[in-house]
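Number of protein chains: 4
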Amino acid sequence: MNTLGKNFVFTSFGESHGKAIGGVLDGVPAGVRIDMDLIREALDKRAGRFEAKGDEAIRREAGVSPRAKREADKVEWLSGVLDGVTLGTPIAFIIRNADTRSEDYEWLKHTYRVGHADKTYQEKYGIRDHRGGGRASARETVSRVVAGGVAQQLLKEKGVEIKAKLVQVGCETNPAHFEEYISNIRQEGDSIGGIVQCTITGLPVGIGEPIFDKLQSHLAFAMMSINGCKGFEYGSGFEGVNLKGSEMYLSENHTLISGGMAGGISDGTPVVFRCVFKPTASNRKTFEAIRREGDEAKGKSIGRHDACIAVRAVAVVEAMAAIVLQDIFSV
Amino acid sequence: MNTLGKNFVFTSFGESHGKAIGGVLDGVPAGVRIDMDLIREALDKRAGRFEAKGDEAIRREAGVSPRAKREADKVEWLSGVLDGVTLGTPIAFIIRNADTRSEDYEWLKHTYRVGHADKTYQEKYGIRDHRGGGRASARETVSRVVAGGVAQQLLKEKGVEIKAKLVQVGCETNPAHFEEYISNIRQEGDSIGGIVQCTITGLPVGIGEPIFDKLQSHLAFAMMSINGCKGFEYGSGFEGVNLKGSEMYLSENHTLISGGMAGGISDGTPVVFRCVFKPTASNRKTFEAIRREGDEAKGKSIGRHDACIAVRAVAVVEAMAAIVLQDIFSV
Amino acid sequence: MNTLGKNFVFTSFGESHGKAIGGVLDGVPAGVRIDMDLIREALDKRAGRFEAKGDEAIRREAGVSPRAKREADKVEWLSGVLDGVTLGTPIAFIIRNADTRSEDYEWLKHTYRVGHADKTYQEKYGIRDHRGGGRASARETVSRVVAGGVAQQLLKEKGVEIKAKLVQVGCETNPAHFEEYISNIRQEGDSIGGIVQCTITGLPVGIGEPIFDKLQSHLAFAMMSINGCKGFEYGSGFEGVNLKGSEMYLSENHTLISGGMAGGISDGTPVVFRCVFKPTASNRKTFEAIRREGDEAKGKSIGRHDACIAVRAVAVVEAMAAIVLQDIFSV
Amino acid sequence: MNTLGKNFVFTSFGESHGKAIGGVLDGVPAGVRIDMDLIREALDKRAGRFEAKGDEAIRREAGVSPRAKREADKVEWLSGVLDGVTLGTPIAFIIRNADTRSEDYEWLKHTYRVGHADKTYQEKYGIRDHRGGGRASARETVSRVVAGGVAQQLLKEKGVEIKAKLVQVGCETNPAHFEEYISNIRQEGDSIGGIVQCTITGLPVGIGEPIFDKLQSHLAFAMMSINGCKGFEYGSGFEGVNLKGSEMYLSENHTLISGGMAGGISDGTPVVFRCVFKPTASNRKTFEAIRREGDEAKGKSIGRHDACIAVRAVAVVEAMAAIVLQDIFSV
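In order, the protein sequences belong to chains B, F, Y and E.
With numbering that gives the first Met the number 0, the residue at position 37 of the first sequence is 36, and numbering never jumps.
With numbering that gives the first Met the number 0, the residue at position 285 of the second sequence is 284, and numbering never jumps.
With numbering that gives the first Met the number 0, the residue at position 276 of the third sequence is 275, and numbering never jumps.
With numbering that gives the first Met the number 0, the residue at position 112 of the fourth sequence is 111, and numbering never jumps.
Isolated chain B, as found in the complex:
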């Protein structure tokens, strides 16, 4: 469903091209001052450092200023906060969908995009909001970033910091080259996968439960719920398949291997995990190929999409990690 958590409960709502997207956060303690600038920053991060540039170019073409877009992401707080301080009651917020242009999506009414959830949604529900992919759109993650922003502030008070970054784009692992690499991919009209690594510091020993509610289980659940995420690993991860037991546990860098968790419970060292994001199917090259096959409709949405969704995913990974941790931590 659309609700996550037991003690810090986040409910997300809104279609990307409906009136508004938003969320409700329950279980926030009373009396906490929310720094709205930090939430603003997280939303900007989600808008993409590398992508922002590309987006600007694209949007200028389409006659939409980046400013308009930024304003579209303005958060309206409906409840739970009085004079910037939490009341202990549920915090509801919305972000109006100012620039919906849903006429652009009319053609989607009868078309399933390749590599999108259009088809599974239609088959599951018998109806779907074709405008902008409805709930399946990446726009839904705006709500997650707002909720995550609140969670991050609650965690900060307990000394916990969450920091994600892009560590691989295609086969490139040197961050200095990421921007150029992605730029080239965009020029080609193509898209590429990426890996985001997230580090959580300041977590005390003992967070997480053995058996089912392992800390890594909750983190994996949250990460796999991000659009385009195809895998989750922590500590030695998939590479660890090649290591021998004797190598692993005599290793000097134990944290690199344990990822900060043992038996499902934080061990006091930094928690480190990685998520892989697939390239998006919505790229020019794909659509040119589709058009060559004669399916005009499917080729329409060219150029509006990211060359590497992992870039924007960084903010969403941080947000989801914060939501999950605050939920477990507030027990």
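Derived from the structure by calculation, the hints contain no laboratory data.
The reader is advised that the hints may include incorrect statements.
When chains are identical, the list treats them as one kind, so a pair holds in a single copy or across two.
[As the list claims (entries may be wrong)] Within a straight-line C-alpha distance of at most 30 Å, the following computed DSS-like cross-link-like pairs (lysine-lysine) qualify:
1) 162 with 73
2) 18 with 155
3) 284 with 118
4) 18 with 5
5) 284 with 5
6) 284 with 157
7) 118 with 157
8) 243 with 157
9) 18 with 162
10) 44 with 243
11) 162 with 284
12) 155 with 5
13) 44 with 157
14) 18 with 44
15) 284 with 155
16) 18 with 243
17) 5 with 157
18) 157 with 73
19) 284 with 73
20) 155 with 118
21) 73 with 18
22) 243 with 164
23) 243 with 5
24) 284 with 18
25) 243 with 284
26) 118 with 243
27) 118 with 162
In this text, all values refer to a predicted model and were calculated from it rather than measured experimentally.
Starting from the structure of chain B, add chains F, Y and E where the hints point.
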């Protein structure tokens, strides 16, 4: 906690060296005949095809017959089943811990094993059942396999089949060589990682929910809850980072990339995912090293542990996938 | 917390004198046309048939037109509905608090009202939205009535109807006299308790679960969550204490005794339950007494409150019954 | 389903005439010494002070000694406890059904008892364990009393005490006459209703949540889940319908009216609530009447049942109150 699921609810209990381990299964429909032989088979699989051999050798030494061990895994059904048919009431089952030998673990009272959850448990709870690792022991997975066996039968009735297999051991990807590879590792007194791949066939379109309750989220949650699992991926997974969008979606083998899920919902093709398991820290080499460092106590449990825990994990992966699917599917 | 239900999930938010109150409904099937007029009617019912009249008088005095109040209850649907038809995605709605006049409540900042939750809130949270009682205000039930209205329509499609009515006011049990009785109480500047009876027809046999999730348990839980409700009973209820077993089960009117449920499960006859509502503490007489004691501040909110809250509660009882039933029924 | 609670989670299992009944308790903190004698006492209380006498007579006839019965209630602790101290892991316990005599129930295979859940179970599940009513049997409450006994000890450590007592039997409200009154009813071969009042002392201000998770909601939910309970009220309850607001809040005995809760949250005064229990349908008079109507089978179970189930319910009310409170309190 120790309960998983919303509609098909599995509660697990029992310390590895307490009186018994067991579980309660709620939400099982009434009137279903349970094939006890299939559950027996799943338990045997968990006991390990390659490992069985090794185990025998080890246990013969220790004066425990493999038969004794097998009998120790005898399931006693306490409720919910009448003449082999489910009643619709909760199914409780236990497996007595016949061969506990808890005096073997006396030394553990004051020792934390390297690479085990001993320390995190002690710090979290202030107390722990030191005998055999308590709940953190792999023995807990026996309950999972029994519950999973029931789930698999309920799924089979709907045409769904779950089949896992070992696809990589260390750097070896040829199944024909796995046995020899592991045998060598054991001879060395070492242990090695492995990758288990699971394929779910017969799942109709539409299983899973968008946003948070994505099918892959639930599968990842369940897999990451298995001892020693360090990563989960589906479809193109981590390797997909190197693929371009244009390559992916024009690919002939779409399922290989999608893994049978789009937008969190099954797309009607087989669901395919992989889990990586780390080598266990409990091996002779590790302990010899420890002993050289003068910490006698830590070196004691030599030889009782698996050279490749991924082998036995195959049955647990199947069980957990079945539990999760039956829970989602029974809505 | 502020979320109710497992399959039909209702999340409520909003302070009575914040920006808006509202809710999110998850688990609504796709493709259902929502009759907005029926929701309008339920909201009008909640505004009170007898009370409306009184309210008007009161509000005219205070210079607020009944129309203004009505407009304040205008529902804005933010998501989950496209062209009046549900999308299967979460339905978010808000009702703006147009006429908040929060300056009226300034004095409450440092005063706890007698018989209100002001004190328990302050002690629990260390902060509270003193304006209009925050979440404890009866205004919060507007969201319940909207959510209940949706639930009632989903239930109607399955042939289930929910109808509540006032059956007792003070010691008066003749409905023909209720209006006069309440009018007299109001004239006295006092308030009085009442009993609401709710009848659910069309429910098939088998709704509810034995043991903990009994149908009556869920109904009781929901009713006791309504402000001012001090008791719940079904079938023979508290009066049944005087009956003998031999009288009860040879009775001609079995349903009167069983209340339509046996062993926690609906038995196919109409489900009948009753709730008692206390008189509100906010009445003129109470405050005059308080004023005589010299505590000026406590006496301020005279006249804004209902002479018999059970009148308006009728709509809320129906709404909560519908929410609970749709949740259980949609399994 | 068969699980109750979020933080202190109780799962109940077992048919009254299956192998065993039992439960699993999750969320019990580690390091607490469990006083098994107190649990023994609670089980004895459930066996009935007045009823015990009657039971003896009945059981002597049937050739079963009261001692045998007592032994049948012997609790076996399977996990979660080591040397009488909790481990922080799930506590599983069973009580073997020694004296099942299920042949006595053969006739029930094709008969629904009047006023029992036999029919609703059969229609809901299509199958039922006819032996002793399966899960619907009052025997299931043995598990609740064990779980409640653990909860009561955890609460006692926090200074909270729960004490229930019978306050009305039929129209009799003088406890000194209860025994004689019930004795007469039994002699008549009939049964009678009763009211149990429960008082919780030592609860600090602030327990319970506003809106849905009100303290009274959780208490009502738990009480209505007890077999035969037809109503729940707190504070002024149903009698309060006759009170005026001015009388209520100027009353000298505020607690009598508030019941210790305001706005769903404990106010620091004792919490007081009452539950009404119906007379059981299984009495001689009912069956004689049935037999006169020619339905021999239905008349069979004469005399095995309580003349006033409210007597034994006292221990169950305490247990359920403790389970609910420990769940809310352990947040």
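Here's how the hints hold up against the structure:
1. 162 with 73: within (24 Å within a copy, 43 Å between copies)
2. 18 with 155: between (33 Å within a copy, 28 Å between copies)
3. 284 with 118: Result: close within a single copy only, 21 Å intra versus 53 Å inter.
4. 18 with 5: both (28 Å within a copy, 26 Å between copies)
5. 284 with 5: neither (44 Å within a copy, 43 Å between copies)
6. 284 with 157: neither (47 Å within a copy, 40 Å between copies)
7. 118 with 157: Between. Shortest inter-copy distance 23 Å satisfies the 30 Å Cα cut-off; intra-copy 44 Å does not.
8. 243 with 157: So residue 243 and residue 157 fail the 30 Å test inside a copy (37 Å) and across (41 Å) alike.
9. 18 with 162: neither (32 Å within a copy, 34 Å between copies)
10. 44 with 243: The answer is between: 24 Å across copies meets 30 Å, while 39 Å in one copy does not.
11. 162 with 284: Neither way: residue 162 and residue 284 sit 33 Å apart in one copy and 37 Å across, limit 30 Å.
12. 155 with 5: both (20 Å within a copy, 26 Å between copies)
13. 44 with 157: Within one copy, since 23 Å is at most 30 Å while 45 Å is not.
14. 18 with 44: This pair counts as both: shortest intra-copy Cα distance 24 Å, inter-copy 28 Å.
15. 284 with 155: Classified as neither; 43 Å inside a copy, 42 Å across copies.
16. 18 with 243: neither (55 Å within a copy, 34 Å between copies)
17. 5 with 157: both (19 Å within a copy, 24 Å between copies)
18. 157 with 73: within (28 Å within a copy, 41 Å between copies)
19. 284 with 73: neither (34 Å within a copy, 48 Å between copies)
20. 155 with 118: This pair counts as between: shortest inter-copy Cα distance 26 Å, intra-copy 41 Å.
21. 73 with 18: both (14 Å within a copy, 16 Å between copies)
22. 243 with 164: So residue 243 and residue 164 pass the 30 Å test inside a copy (29 Å) and across (21 Å) alike.
23. 243 with 5: Intra 38 Å, inter 38 Å, cutoff 30 Å: neither.
24. 284 with 18: Result: close neither inside a copy nor across copies, 32 Å intra and 47 Å inter.
25. 243 with 284: between (43 Å within a copy, 10 Å between copies)
26. 118 with 243: between (44 Å within a copy, 22 Å between copies)
27. 118 with 162: For residue 118 and residue 162, only the inter-copy Cα distance (26 Å) is at most 30 Å; the intra-copy one is 35 Å.
When held up to the earlier numbered hints, the structure conflicts with 5, 6, 8, 9, 11, 15, 16, 19, 23 and 24 and fits the remainder.
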